[in-house]
Amino acid sequence: MMSSLPLLLPQLPPFLPLLIGSLAAIFLRGHLRSAIMLITPIWGAIQLSGMEHGLYWAFEFMGYQLEPVRVDKLSMVFGYLFHLAAFIAVVYALHLKDTVQHVAGLSYAASAVGAVFAGDLLTLFVFWELLALTSVFLVWARRTDRAYSAGLRYIMIKVLSGVLLLAGAIIFINETGSARFSDIGLEHDGILNLGAWLIFLAFGIKCAFPFLHTWLTDAYPEATPTGTIFLASFTTKVAVYALARGYAGTELLVWIGVTMACFPIFYAVIENDLRRVLAYSMINQVGFMVVGVGIGTSLALNGAVAHAFNDVIFKGLLMMTMGAVLHMTGKINGSELGGLYKSMPKTTLLCIIGAASISAFPLFSGFVSKSMIMSAAIAEGYDYIWLALLFAAAGVFHHAGIKIPYFAFFAHDSGIRTTEPPKNMLIAMGIAAVLCVIIGTFPAQTVYALLPWEVEYQPYDITHVLTQLQLLFFSALAFVWLNSKNMYPPELPSTNLDADWLYRKLAPSFVVPIYYSVIQGIGKLESAAKGGINQLINSSYDKDKEKPKGYFAKLWPTETMVFWVALLLVGILLLYYI
Amino acid sequence: MSKEQNKPDFFDKPENIAKIIKVFYVICAVLVIVDFIVHRHIYHDWENIPAFYAIYGFVGCVILVLIAKAMRKVLMKKEDYYDE
Numbered sequence: 010m011m012s013s014l015p016l017l018l019p020q021l022p023p024f025l026p027l028l029i030g031s032l033a034a035i036f037l038r039g040h041l042r043s044a045i046m047l048i049t050p051i052w053g054a055i056q057l058s059g060m061e062h063g064l065y066w067a068f069e070f071m072g073y074q075l076e077p078v079r080v081d082k083l084s085m086v087f088g089y090l091f092h093l094a095a096f097i098a099v100v101y102a103l104h105l106k107d108t109v110q111h112v113a114g115l116s117y118a119a120s121a122v123g124a125v126f127a128g129d130l131l132t133l134f135v136f137w138e139l140l141a142l143t144s145v146f147l148v149w150a151r152r153t154d155r156a157y158s159a160g161l162r163y164i165m166i167k168v169l170s171g172v173l174l175l176a177g178a179i180i181f182i183n184e185t186g187s188a189r190f191s192d193i194g195l196e197h198d199g200i201l202n203l204g205a206w207l208i209f210l211a212f213g214i215k216c217a218f219p220f221l222h223t224w225l226t227d228a229y230p231e232a233t234p235t236g237t238i239f240l241a242s243f244t245t246k247v248a249v250y251a252l253a254r255g256y257a258g259t260e261l262l263v264w265i266g267v268t269m270a271c272f273p274i275f276y277a278v279i280e281n282d283l284r285r286v287l288a289y290s291m292i293n294q295v296g297f298m299v300v301g302v303g304i305g306t307s308l309a310l311n312g313a314v315a316h317a318f319n320d321v322i323f324k325g326l327l328m329m330t331m332g333a334v335l336h337m338t339g340k341i342n343g344s345e346l347g348g349l350y351k352s353m354p355k356t357t358l359l360c361i362i363g364a365a366s367i368s369a370f371p372l373f374s375g376f377v378s379k380s381m382i383m384s385a386a387i388a389e390g391y392d393y394i395w396l397a398l399l400f401a402a403a404g405v406f407h408h409a410g411i412k413i414p415y416f417a418f419f420a421h422d423s424g425i426r427t428t429e430p431p432k433n434m435l436i437a438m439g440i441a442a443v444l445c446v447i448i449g450t451f452p453a454q455t456v457y458a459l460l461p462w463e464v465e466y467q468p469y470d471i472t473h474v475l476t477q478l479q480l481l482f483f484s485a486l487a488f489v490w491l492n493s494k495n496m497y498p499p500e501l502p503s504t505n506l507d508a509d510w511l512y513r514k515l516a517p518s519f520v521v522p523i524y525y526s527v528i529q530g531i532g533k534l535e536s537a538a539k540g541g542i543n544q545l546i547n548s549s550y551d552k553d554k555e556k557p558k559g560y561f562a563k564l565w566p567t568e569t570m571v572f573w574v575a576l577l578l579v580g581i582l583l584l585y586y587i
Numbered sequence: 163m164s165k166e167q168n169k170p171d172f173f174d175k176p177e178n179i180a181k182i183i184k185v186f187y188v189i190c191a192v193l194v195i196v197d198f199i200v201h202r203h204i205y206h207d208w209e210n211i212p213a214f215y216a217i218y219g220f221v222g223c224v225i226l227v228l229i230a231k232a233m234r235k236v237l238m239k240k241e242d243y244y245d246e
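In order, the protein sequences belong to chains A and B.
Numbering of the first sequence is given in our numbering, commencing with residue 10 and proceeding in unit increments.
Numbering of the second sequence is given in our numbering, commencing with residue 163 and proceeding in unit increments.
Careful, some of the hints might be misleading.
[To be verified] Partner residues are not named here, just some residues of chain A that face chain B (Cβ under 7 Å, in silico): (1) Phe275; (2) Phe400; (3) Ala403; (4) Gly404; (5) Thr472; (6) Phe482; (7) Phe483; (8) Ser484; (9) Asn492; (10) Asn495; (11) Pro498; (12) Pro502; (13) Arg513; (14) Leu515; (15) Ser518.
[What the hints assert, rightly or not] Think about it this way: if two alpha-carbon atoms lie no more than 30 Å apart in a straight line, the pair counts; the simulated DSSO-like pairs of lysine-lysine are: (16) A:Lys106 x A:Lys82; (17) B:Lys184 x A:Lys355; (18) B:Lys231 x A:Lys494; (19) A:Lys533 x A:Lys554; (20) B:Lys184 x A:Lys539.
Bear in mind the hints are in silico, worked out from the structure with no lab data behind them.
The C-beta atom is built at its ideal place from N, Cα and C for all residues, glycine as well.
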């Protein structure tokens, strides 16, 4: 039955069902809209399962072959993942009446699917820009001043990424004669290398490389409770896909990735906004994936893909539980929350499952994918990288595994009394939680079965389980000990400076004065020039007598001529003697 | 319902918290003891240190928190810092 079902459907580009869902959200209302929005991700996934590997709808454009849809194992994993993520996010947002969010959410998901199936660089660019343009509405839909300006900063950085991609793609296509998006790498000669670097940088912005990451920690926590679930699922994962496709085995990525895995955990410890804590932890998780892509062996790449798959689900789950807290209490700062387990016991349990998964507890999903990347790092002799990743793994447990549930649901009782979130939110969180446990317990039948590269890996042996438990329990011990000694930093209402300070404070502090002084300078110069010209005119024309004032203007032209000829002759005479 | 929520709960009683923490300490101790009994596979020389992962996890997290606390002195600003 299931295998014949895809054959009954008309074959469409993979992104189309989700796009149709978003169009339906514009025109339909009520239960019909909800039903269509729920059906489209399922329809899309079934359609995908019926697609053979290969190229579809290829055509010629300005002498280059464009391949708008390319189906292979790598694009397929991400295709399934994005349909699953879209389904969960739609369920989570089902109670909303806000059409903008429904339309933006589904068309954003459609763009992500389009991007991972894009076979050439130009198609990739189109979906790359659509990702930015559709997602920003999920930030703006919060309808606060902060969200509005965060959205503006977000879209500017995203458009910059798109422009870099286009510029790099044009150079690359022009130099190689092919528009196909496959392995690019960073080792080329001349102008081709510039193209490769531009594309790399474009991917790096969306992947939240260090110093290019601030759009994420700035905008995601300002989005709506439901919008953040969509945001957390797609953009960075498309970027990981693009790096895995174009730059697998680029050693620079190992170093970038390990930096991404390590620095955000410090910020996460002192951040007060719990959704921003999760945004930092997202960069940390993406860092693991980037390391995997950089190592570039089959095991490492599979680990990166598997971790992207799991991260969408467990990070989505954590974001959903915090979204539920925000939705029900209107608060999200750790300093204002606490003791919510009494009013939201189910949400608390779901949050703990998400926390266990991101911390990579055995039998939860993070364990089966993170350990692949760690094993690959040690197998390839990246000793210090491995050590740093181990530190990052302990740090994840500290801020995402303990801090999030502890400060929201336990800690001191904030006195807030509320109820569980709407049923659809609970169901969405429940689906994600069940998936975390199923994937963590039966990896071979679930996520491993989808992985693109052939390699045997067994996460469950005594060494892995024991060492991971030691690492996690003693990280927790550090938390307990620091808390008992009152050394753990309390949650404080604050803003922590990050790289966005450069363009939100530093640059304006001298660019704005420079701008105004330049404007002023130009104004002064202009008035001085005008004054000078006026003076010149006044001094050379007698208005009363209505004739010019100058000596030569009083003479006849012949008289003037005689004067100049005389002068010329004198000059020649003088030159003659010299 | 709200009355029920205001009753002192399982987690409100210090003796229950103390019990949980005791159990937690026992698990930590057991994990270290197991390290000496079970032969775990060694992929790297550093792993030969007894209870390497336990020590690394604990020390790593303490250092993480202490550095993060120190970072606050430089990085922490008022909540409306960017809105001014």
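Hint check results:
Proximity of Phe275 (chain A) to chain B holds as hinted, the smallest CB-CB distance being about 5 Å (cut-off 7 Å). Here the hint on Phe400 (chain A) is kept, as its CB sits about 5 Å from the closest CB of chain B, short of 7 Å. Restraint check, Ala403 (chain A) versus chain B: the minimum CB separation of about 5 Å is within 7 Å; hint holds. For Gly404 (chain A), the interface hint holds, the least distance from its beta-carbon to any beta-carbon of chain B being 5 Å, beneath 7 Å.
Interface restraint check for Thr472 (chain A): the shortest CB-CB distance to chain B comes to about 4 Å, inside 7 Å, so the restraint holds. For the restraint placing Phe482 (chain A) at the interface with chain B, the shortest Cβ-Cβ distance is roughly 5 Å, inside the 7 Å limit, so the hint holds. With 7 Å as the threshold, the beta carbon of Phe483 (chain A) comes within range of chain B, its nearest partner Cβ sitting at about 4 Å, so the hint holds. At a threshold of 7 Å, the smallest CB-CB gap from Ser484 (chain A) to chain B is about 4 Å, leaving the interface hint in force.
Interface hint at Asn492 (chain A): violated, since its Cβ lies 10 Å from the closest Cβ of chain B, which is beyond the 7 Å cut-off. Hint on Asn495 (chain A) is violated. Least Cβ distance to chain B is approximately 12 Å, over the 7 Å limit. Interface restraint check: Pro498 (chain A) against chain B, minimum CB-CB distance 5 Å, threshold 7 Å, status holds. For Pro502 (chain A), the interface hint holds, the least distance from its beta-carbon to any beta-carbon of chain B being 5 Å, beneath 7 Å.
At a threshold of 7 Å, the smallest CB-CB gap from Arg513 (chain A) to chain B is about 6 Å, leaving the interface hint in force. Hint status for Leu515 (chain A): violated, given a least beta-carbon distance of 12 Å to chain B, over 7 Å. Here the hint on Ser518 (chain A) is broken, as its CB sits about 12 Å from the closest CB of chain B, past 7 Å. About 37 Å separates the Cα atoms of Lys106 (chain A) and Lys82 (chain A), which puts this hinted pair outside 30 Å; it is violated.
At roughly 26 Å between alpha-carbon atoms, Lys184 (chain B) and Lys355 (chain A) fall within 30 Å of each other, so this suggested pair holds. Distance restraint check for Lys231 (chain B) and Lys494 (chain A): the Cα-Cα separation of roughly 14 Å lies within the 30 Å cut-off, and the hinted pair is therefore satisfied. As the CA atoms of Lys533 (chain A) and Lys554 (chain A) are separated by approximately 33 Å, the hinted pair breaks the 30 Å bound. For the hint pairing Lys184 (chain B) with Lys539 (chain A), the CA-to-CA distance comes to about 86 Å; that exceeds 30 Å, so the pair is violated.
Figure legend: structure checked against the earlier numbered hints; hints not met, in rising order: 9, 10, 14, 15, 16, 19, 20.
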